[in-house]
Amino acid sequence: MPRPCKRRRVCLLPERRCFRPAEERPGQAVEMTVDEFETIRLIDLEGLTQEACARRMDVSRATVQAIYGTARTKLARFLVQGRELVIGGGEFVLCPGGAPGCGRCHRPCREEQEHEKDRGPL
Numbered sequence: 001m002p003r004p005c006k007r008r009r010v011c012l013l014p015e016r017r018c019f020r021p022a023e024e025r026p027g028q029a030v031e032m033t034v035d036e037f038e039t040i041r042l043i044d045l046e047g048l049t050q051e052a053c054a055r056r057m058d059v060s061r062a063t064v065q066a067i068y069g070t071a072r073t074k075l076a077r078f079l080v081q082g083r084e085l086v087i088g089g090g091e092f093v094l095c096p097g098g099a100p101g102c103g104r105c106h107r108p109c110r111e112e113q114e115h116e117k118d119r120g121p122l
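Residues 1 to 122 (our numbering) make up the sequence shown, in order.
Since the hints were made in silico from the structure, they are not lab data. Don't take every hint at face value.
What the hints assert, rightly or not - Only pairs whose alpha carbons sit at most 20 Å apart, straight line, appear in this in silico SDA-like list of lysine to any residue: (1) Lys6 <-> Leu94; (2) Lys6 <-> Glu84; (3) Lys74 <-> Pro21; (4) Lys6 <-> Gly90.
To be verified - For each label pair, taking beta carbons as the anchor points, the in silico distance ranges come out as: (5) Arg16 <-> Glu91: 18 to 26 Å; (6) Glu23 <-> Leu94: 29 to 37 Å; (7) Glu23 <-> Met1: 42 to 50 Å; (8) Glu23 <-> Glu51: 36 to 44 Å; (9) Leu13 <-> Ser60: 18 to 26 Å; (10) Arg16 <-> Val80: 27 to 35 Å; (11) Met1 <-> Glu24: 41 to 49 Å.
All figures in this text were calculated on a predicted structure; none of them were measured in a lab. Ideal Cβ placement from N, Cα and C applies to all residues, glycine included.
Using the sequences and the hints given, assemble the complete structure.
See below:
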């Protein structure tokens, strides 16, 4: 029996969940899950390593690597083929808190990132 899928921790939901090309093009939309969006945000936008991203999302580095690979393929289809991109769904849990983004861990995550910069590579 396979292991149940572990929910990935997500600190920030996307502000927009749908992106369409300016010109109407027929074709099936590319569907990206929220956890795939989170790996793109953490690795490509915030510049974290896959290992640091895995710690933030509370999963293994291998899991992040797999999620990131599928997310990049979907982004490439969206850009190259001019398809619609829809973000939603997936196995994730949103960090608790009342502040925009992530009330409980967004600030500590930023502090952790600054601390990692000070420490240098492991």
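Structure versus earlier hints, numbers of those that do not hold, lowest first: 2 and 10
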